[in-house]
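Enquirer: Residue numbers (numbering that gives the first Met the number 0), protein chains in the order written: chain C, 0 to 385; chain P, 0 to 199; chain Y, 0 to 297.
Think of the hints as simulated: they come from the structure by calculation, not from any bench. Since no wrong hints were added, every one of them can be taken at face value.
In silico BS3-like cross-links for lysine-lysine, where the CA-CA straight-line distance does not exceed 30 Å:
id, chain 1, residue 1, chain 2, residue 2
1, Y, 40, Y, 200
2, C, 262, C, 214
3, Y, 284, C, 1
4, C, 303, C, 355
5, C, 214, C, 1
6, C, 355, C, 262
7, P, 87, C, 374
8, Y, 40, Y, 193
9, C, 303, P, 87
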Amino acid sequence: MKADPAGVLTGVHYLDGDFACGEGAMAAGCRFVAGYPITPSTEVVERISRRFPLMGGTFIQMEDELGSMAAVVGASWTGTKSMTVTSGPGFSLMMENIGLAAMMETPCVVVNVQRGGPSTGLPTMVGQADMMQARWGSHGDYEVIALSPQSPQETFDLMINAFNLAEVYRVPVLVMMDECVGHMTEKVVIPPAEEIEIVPRTLTGQPPESYLPYKVDGKPVPEFARAGDGYRFHTTGLTHDERGYPVMSKECQEKCVSRLLDKVRRNVDNIVRLEEREVDGADVVVVAYGITARVARIGVELAKLQGAKVGFIRLITVWPFPDRRIRAVAEKVRAFVVPEINYGQMVLEVERCAAKAGADAVLVPHPGGGVHDPKRICEAILGAAK
Amino acid sequence: MSRTEIRITGFGGQGVVLSGFIIGRAVAVHAGKHATMMQSFGPEARGSACSATVAASDEEVLFPYIERPDIFVAMSADGYETYRDDLKEDGILIYERDLVHPVSKEGQRAFGVPSTRIAESLGRSIVQNIVMLGFFAAVTGIVPREAMRDAVRASVPAGTEELNLKAFDAGYAYFEQEYKGANPREEEETAAAAGPAAHA
Amino acid sequence: MSTPAEHPEVLPEEHPVAPYIRTDRMPHIWCPTCGIGTVVKCFATALAESGLDLNKVSVVSGIGCTGRVAGYMKLDGFHTTHGRAIPFATGLKLGRPELLVTVFSGDGDLVGIGGNHFIHAARRNMDLLVILVNNFIYGMTGGQNAATTPLTAKTSTMPYGNFERAFNLPQLAASCGATYVARWTCLHIRRLTKAFGEALKRRGFRFIEVITPCATLYARLNKLGSGLDLMRFYHDNAEIRHGADTREVGIAFQDRIVCGKFVDEEQPSFLEMMHEHYRKTLGSKYVPTPPEGGWLHE
Numbered sequence: 000m001k002a003d004p005a006g007v008l009t010g011v012h013y014l015d016g017d018f019a020c021g022e023g024a025m026a027a028g029c030r031f032v033a034g035y036p037i038t039p040s041t042e043v044v045e046r047i048s049r050r051f052p053l054m055g056g057t058f059i060q061m062e063d064e065l066g067s068m069a070a071v072v073g074a075s076w077t078g079t080k081s082m083t084v085t086s087g088p089g090f091s092l093m094m095e096n097i098g099l100a101a102m103m104e105t106p107c108v109v110v111n112v113q114r115g116g117p118s119t120g121l122p123t124m125v126g127q128a129d130m131m132q133a134r135w136g137s138h139g140d141y142e143v144i145a146l147s148p149q150s151p152q153e154t155f156d157l158m159i160n161a162f163n164l165a166e167v168y169r170v171p172v173l174v175m176m177d178e179c180v181g182h183m184t185e186k187v188v189i190p191p192a193e194e195i196e197i198v199p200r201t202l203t204g205q206p207p208e209s210y211l212p213y214k215v216d217g218k219p220v221p222e223f224a225r226a227g228d229g230y231r232f233h234t235t236g237l238t239h240d241e242r243g244y245p246v247m248s249k250e251c252q253e254k255c256v257s258r259l260l261d262k263v264r265r266n267v268d269n270i271v272r273l274e275e276r277e278v279d280g281a282d283v284v285v286v287a288y289g290i291t292a293r294v295a296r297i298g299v300e301l302a303k304l305q306g307a308k309v310g311f312i313r314l315i316t317v318w319p320f321p322d323r324r325i326r327a328v329a330e331k332v333r334a335f336v337v338p339e340i341n342y343g344q345m346v347l348e349v350e351r352c353a354a355k356a357g358a359d360a361v362l363v364p365h366p367g368g369g370v371h372d373p374k375r376i377c378e379a380i381l382g383a384a385k
Numbered sequence: 000m001s002r003t004e005i006r007i008t009g010f011g012g013q014g015v016v017l018s019g020f021i022i023g024r025a026v027a028v029h030a031g032k033h034a035t036m037m038q039s040f041g042p043e044a045r046g047s048a049c050s051a052t053v054a055a056s057d058e059e060v061l062f063p064y065i066e067r068p069d070i071f072v073a074m075s076a077d078g079y080e081t082y083r084d085d086l087k088e089d090g091i092l093i094y095e096r097d098l099v100h101p102v103s104k105e106g107q108r109a110f111g112v113p114s115t116r117i118a119e120s121l122g123r124s125i126v127q128n129i130v131m132l133g134f135f136a137a138v139t140g141i142v143p144r145e146a147m148r149d150a151v152r153a154s155v156p157a158g159t160e161e162l163n164l165k166a167f168d169a170g171y172a173y174f175e176q177e178y179k180g181a182n183p184r185e186e187e188e189t190a191a192a193a194g195p196a197a198h199a
Numbered sequence: 000m001s002t003p004a005e006h007p008e009v010l011p012e013e014h015p016v017a018p019y020i021r022t023d024r025m026p027h028i029w030c031p032t033c034g035i036g037t038v039v040k041c042f043a044t045a046l047a048e049s050g051l052d053l054n055k056v057s058v059v060s061g062i063g064c065t066g067r068v069a070g071y072m073k074l075d076g077f078h079t080t081h082g083r084a085i086p087f088a089t090g091l092k093l094g095r096p097e098l099l100v101t102v103f104s105g106d107g108d109l110v111g112i113g114g115n116h117f118i119h120a121a122r123r124n125m126d127l128l129v130i131l132v133n134n135f136i137y138g139m140t141g142g143q144n145a146a147t148t149p150l151t152a153k154t155s156t157m158p159y160g161n162f163e164r165a166f167n168l169p170q171l172a173a174s175c176g177a178t179y180v181a182r183w184t185c186l187h188i189r190r191l192t193k194a195f196g197e198a199l200k201r202r203g204f205r206f207i208e209v210i211t212p213c214a215t216l217y218a219r220l221n222k223l224g225s226g227l228d229l230m231r232f233y234h235d236n237a238e239i240r241h242g243a244d245t246r247e248v249g250i251a252f253q254d255r256i257v258c259g260k261f262v263d264e265e266q267p268s269f270l271e272m273m274h275e276h277y278r279k280t281l282g283s284k285y286v287p288t289p290p291e292g293g294w295l296h297e
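Go ahead and model the full structure; you've got the sequences and the hints to work with.
Expert: See below:
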């Protein structure tokens, strides 16, 4: 369906990434946000709290991030598209109920405007060190989808994707921004509502008598019933059967958990989006995401000036990781160079995919608090090309 | 325009961030080029000096931070002191004449405007930064005057557009009169060279 | 209001509250002489008598013995994470304001790990009916000390007796802003049912504490006899004092249990305050979330 015009601020704007995030959520049809203030993400909810009362949305500032995430999961069960926004310390607290959302198959969006860590770290300064936490932060086996925008414009665009993906796969979708993108102001074009494609929450057409909340019938996800429509369904964070009833057995665990994984794993190619430049014929391919992808492109250009044959892959979808594509590229290149604002996270994934083909994966680390000097990335490329 | 780096500084309340926002918006939205504006978060927020930076270019801005500005707008003495050494050797200094007493550097050009006094003469000292923007637009010419005016109109609170555009035009006119008129104020740079004493 | 069809007729051979229970999940996991089942029966009876549209009633639980209630009642039931029933329920209520959202959980869940959410929901006068089953101990994990364990009582993690002071829950709720506060034991089935019925019809943050026996752990560790002995104790030591000053209703080990309705006042709820405030400040520009929720569809 098309976006609800009430949430779409059509026009050419000059917005920072946080504001663009809020606008993207509202355009995507988000009408419930629970949040707790935390730098550098707070501007998102400040924007939303100002505009929500004008479009039928409800914002509540919760007592903490545990509560924010729980409220988001609860609200989503009414069919209302829901999200929360935070940064590292809050993201840690949200892990508990991100797991619940994954287990209950609750569509929702969680934005993390990453700052330097660990712990309180660098509240006002950029980091990209929560990437593995996004994938593995809650306990147990589950899959999420995570996206990483490189600009305010892309933040707006990816928010719409995030809400749509959450509906299609019934998973929490994590939007892994960073402080630099969050606090940078650039041109953002918001199209008219009729040009924004929205995946609505589709409600089951089955009668309550025959409805089973976790029966899939060969589809990737079960049909959704919302609270208050007479289905009187049950859902739980415990391992459950098709009825949503807890069943404590390894057989049920296998069935329940493998489906949570498979719905994402079997659709990696449908989910993953990459931006590629000059990968064919390259000796070295730079793999980067978020703000680092922009900075890395300067490094790529510098290396090209020195004769290196360099390709570039930008991870727009960071989770699920594009294994297949990286493996295929690994067959043809000498090495990957992975700059990221951490001491080595996504590089581990690249390394895993490159190992079989014998390609190197070279990390260009950054502690956080700033972005890479493109010259360092250039040097790493030239080093890897030797 | 090749990549142009701009830093605006002043004290809190002078509308430093809004100034950066308007310049960026003028370039990116109204002049159809690219501009990335960053507010001073973190280590740049030194002392009482408040700062915003803009990286403007004909092409996509890949690196959002600036290192050595081509244009340095100083609206307060503190801001000037904090960042003056960063200005490129051939950079342009634009400053509030009554508040900043610059030390001239060879190769750098300096342009002063009594933006606070001009704003006061318009009845509202709060539009000081917009006077400065008018002056900035005239000095640098990095975007057409109308693009800057459009950006001002789109960025100030509703109902204050007229006053702000008047402030903008007054700043613009000051440059025309003082630097491009019959008697270009060549002495401005000489005065700057002499340091604060010349203004005392 | 409900139609007769929504309140299924009770078949003669069925238990009177069977239509409100997921009978396909019986038998339940609760121990013999546990009081939780009694509380559920009282709540189901209150629902039956209320005439409410049960399709619009949700029950949210956290983790623990009482946490299983959401799974046993034939309502939209959410069995959530430990301590988070109240914020989950908050989202449910705000996402679809026409729902009647009930939180049904234990003392460890709601005021131990979930204490922060409890006080803030009470402060906001959030539109939730919170039923807290207090058995003074962590049951499901095997009898550990709770925020409600009376001084000197023995628990598996206070084997020499508890030396931490316990919460006085009616006082906690009332002081934080709850607008309906009552306490009963699961011996008081008539009064408890009546309190549920009354609270179902109120708005804002309604809090009902129900003291229940945990024979398996609390009674055993403290040599208090059987569940029946605890019920006898309630019979002999419960003291009904409606309107009692909640500062004076704290529970000491094997001492009197003050029961009654302590607070019942009309105060605008979170949603009422929000609507009124936005109407005042935004006027006709205010678009509230529709009662049926912010579900967007063609």
